[in-house]
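Chains as they are written, first to last, in our numbering: chain Z, 16 to 377; chain R, 6 to 419.
Worth double-checking, as some hints may not be accurate.
[To be verified] Computed cross-link-like contacts, DSS-like style, restricted to lysine-lysine with a CA-CA straight-line distance of at most 30 Å:
hint	chain 1	residue 1	chain 2	residue 2
1	Z	LYS225	R	LYS255
2	Z	LYS80	R	LYS73
3	R	LYS102	Z	LYS292
4	Z	LYS225	R	LYS368
5	R	LYS73	R	LYS141
[Stated by the list, open to error] Stretches of chain R that chain Z covers, calculated by requiring three or more beta carbons in the stretch to come under 8 Å of a beta carbon on chain Z:
hint	region
6	116-125
7	157-163
[Stated by the list, open to error] Stretches of chain R that chain Z covers, calculated by requiring three or more beta carbons in the stretch to come under 8 Å of a beta carbon on chain Z:
hint	region
8	250-261
9	362-371
These are calculated hints, taken from the structure and not from any lab test. All C-beta atoms, glycine included, are put in the ideal place defined by N, C-alpha and C.
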Amino acid sequence: MKIKLTALAVAGALMAPAAMAQEMTIVSWGGAYSKSQLKAYHEPYSEKTGVTIINDDSSNEAVAKLRAMNEAGNITWDVVDVVASDAIRLCDEGLAMEIDADTQLAPAPDGTSASEDFGDMLVSECFIPQIVYSTTFGYRTDLVGDTPPDDICDVFDTTAYPGKRSLEKRPINNMEWALLCDGVAKEDVYDVLATPEGQDQALAKLDTIKDDVIWWSAGADTPQLLADGEVIMGSTYNGRLFSVIEEQKQPVAMLWDAQVFDLDGWIIPAGLSEERKQRALDYIYFATDTQRLADQAKYISYGPARASSAPLVGKHADLGIDMAPHMPTDPNNAKNTFLYNYEFWADYRDDINAKFQAWLAK
Amino acid sequence: MLAADGTPLKKSLARALRLQKMRALALIAPLLIFVLVSFIIPIGSMLFRSVENGMVAETLPLTVAELKNWDAESNELPDEAVYAAFVADMVVAIANKEHTRLGTRLNYEKTGMSSLFRKSGRKIKNLDPATDAPFKDKVIDIDKKFGDVETWAVIKTHSVKITNGYFLNAVDMQRTPEGALAQPEDKRILIRLFQRTLIMSLIITGSCILLGYPVAWLLANLQARTANILMILVLLPFWTSLLVRTSAWKVMLQQQGVINDVLVWIGLVADDARLVMINNQFGTIVAMTHILLPFMILPMYSVMQTINPSYLRAAKSMGATNWTAFWRVYFPLSVPGIGAGSILVFILSIGYYITPEIVGGTKGVFISNRIAYHISSSLNWGLAAALGSILLAVVLILYWAYDKIVGIDNVKLG
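The shape of chain Z in the complex, shown without the other chains (with noise of 0.2 Å):
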């Protein structure tokens, strides 16, 4: 027994690296969002090449843990998603490995180069887009009278639309709305809410509707408050309303007006061992090719980051209903658009963040 118990151990002993090699660690943020890639990404990949995919679901705290591993020099991630904000910081803080596109990610069907096919998606150099996604509103159609709204300023009119509101418990995007509906041109809104005085407005626009808003901190929030009538609208995750109006079948509408576009992609953590680097990269250029970004969307109602993948975009794989219409970036749904300016906020999030919360908490 004794003897079998040994043989066993030192067999197990050898066979670790062996096993070892064949997994890989893919961190990203849970829900229908994990799921949406392990059918268009993971299963086929592990299909194709035997390595075994272990889901993290902590994206949303990614800088914070990849920092402690870097510090602790010890580095258990293969592959993160995270925000596009995100991945300039950890790009800045020396936690993530540039990429270069063209030698590293596949060029488009036709041979269009990465780099041209992804275009202006590529914000940092460590960054691989994967998908656009958008903040926007969703409205409960039942309680908001004969007068859908259609104006991201309905918002703020309490009068037409009285009610409770749901705002990200964050200045981002709330400021930029707000200015926008005070007043501020469009292209104007950066400039304004770099002073001071910008700020204070933005924060007195909101002030008029700050006793009728509840505040979320996770994606979850609003779809919830929507299907429980605690709000009559609210902002969240595009791919979130989706699921609520077209899986859930909640009386729930979209109002598209000036959603914010921001993007969501890879990074590999710097630092990886030779091995398990060319592994990730590999993984990489299969899972941010032309056909696979489409895929994503018959799962998940986001846009893909390439170009070349938006005519690729089908039906549903469950609803069977066409995709194309649900992406942000329809021509339907992105009449007035905005973009989440990352070098504005990788600037000025620790300033405007801590005046936010003081006039939160006042």
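Given the structure of chain Z, go ahead and fit chain R onto it with the hints provided.
What follows is chain R alone, placed relative to chain Z:
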């Protein structure tokens, strides 16, 4: 006095005892090492982070040395030597990709430093410290912020290796060239949050005492069978996930929730005037009282169990009313349980984070929510460490005060 083998008795006794002590130490060694490694060292390093500030001096060593000769209050730009040192430092830092980290660090102190270092890094990289002198105009040309006295003043102010800057930030002040100054009014929040955390923790502790005392009394005085069932009811919440319990309160308390629905149904509240019971302080107090209640009941119960019922009978036989017997005899004997429960609940609640985040809205959040924000979102770990250290100090002071007023010997868990 000598032992049998001729050595002094004291010495041979000490040797025998030393062996015993060593054995005792060996027995507790696993726990000791565990506590040291997993508790003392992390807390120590966390405390150290609140004053540690090597980054500026390590990334820009030559610049910091040159800036020593420059008077930040002179309102004049530093001279060429500083700019030359800066270029030399930056070229090394850019090669190691450290300049953007420095930008992030300095951005906590002055808005705009993050992009200043990221953008200027791309151009400074092309300068050669050996041949391209003079640098002053070239660097200012790259970004006009380098021609701003304030930029250099910030670098100089935060170049010290051990700083009080994070602690000043933690009490709504800031480190400036002129010394410690108050933050502008519209950024002051942390003192308010500290006060709120303490006051709300006291209220939660108080409501736990009020609700827990009768339950503990019942537990201690009912028949064993009934008491056991009651005990299970007390312990049941312990076996349910914290998040589930908190979310359940959301379902109960929200405006379209169970309580409001019932109140509207029986006609106590008009449909358009539903009560606001969540996303405010009330919601936090209710949910946290519920979650922390077992920590109050259990110590009270174990103390009450040891109170001999014959004391009460003796008091009554000597003519005390029920109330007098309770208040003069039973209650003083149960105070150690209240003390133990209160310390447990109070200390747990001032560090609470997830429940206030979910049900607290804007007025019901604690300082711990701000610490969590600085750990995971803003990455200002120095400030988070300073806030944590202050919280730790507050707890220790309160514990000391409790010891002085009530006496820590007077706390019993059974």
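Hint by hint, here is what the structure shows:
no.	hint	in the structure
1	Z:LYS225 / R:LYS255	holds (21 Å)
2	Z:LYS80 / R:LYS73	violated (36 Å)
3	R:LYS102 / Z:LYS292	holds (19 Å)
4	Z:LYS225 / R:LYS368	holds (12 Å)
5	R:LYS73 / R:LYS141	holds (18 Å)
6	116-125	holds (count 6)
7	157-163	violated (count 0)
8	250-261	holds (count 3)
9	362-371	holds (count 5)
Taken one by one, the earlier hints fail for this structure at numbers 2 and 7, listed in ascending order.
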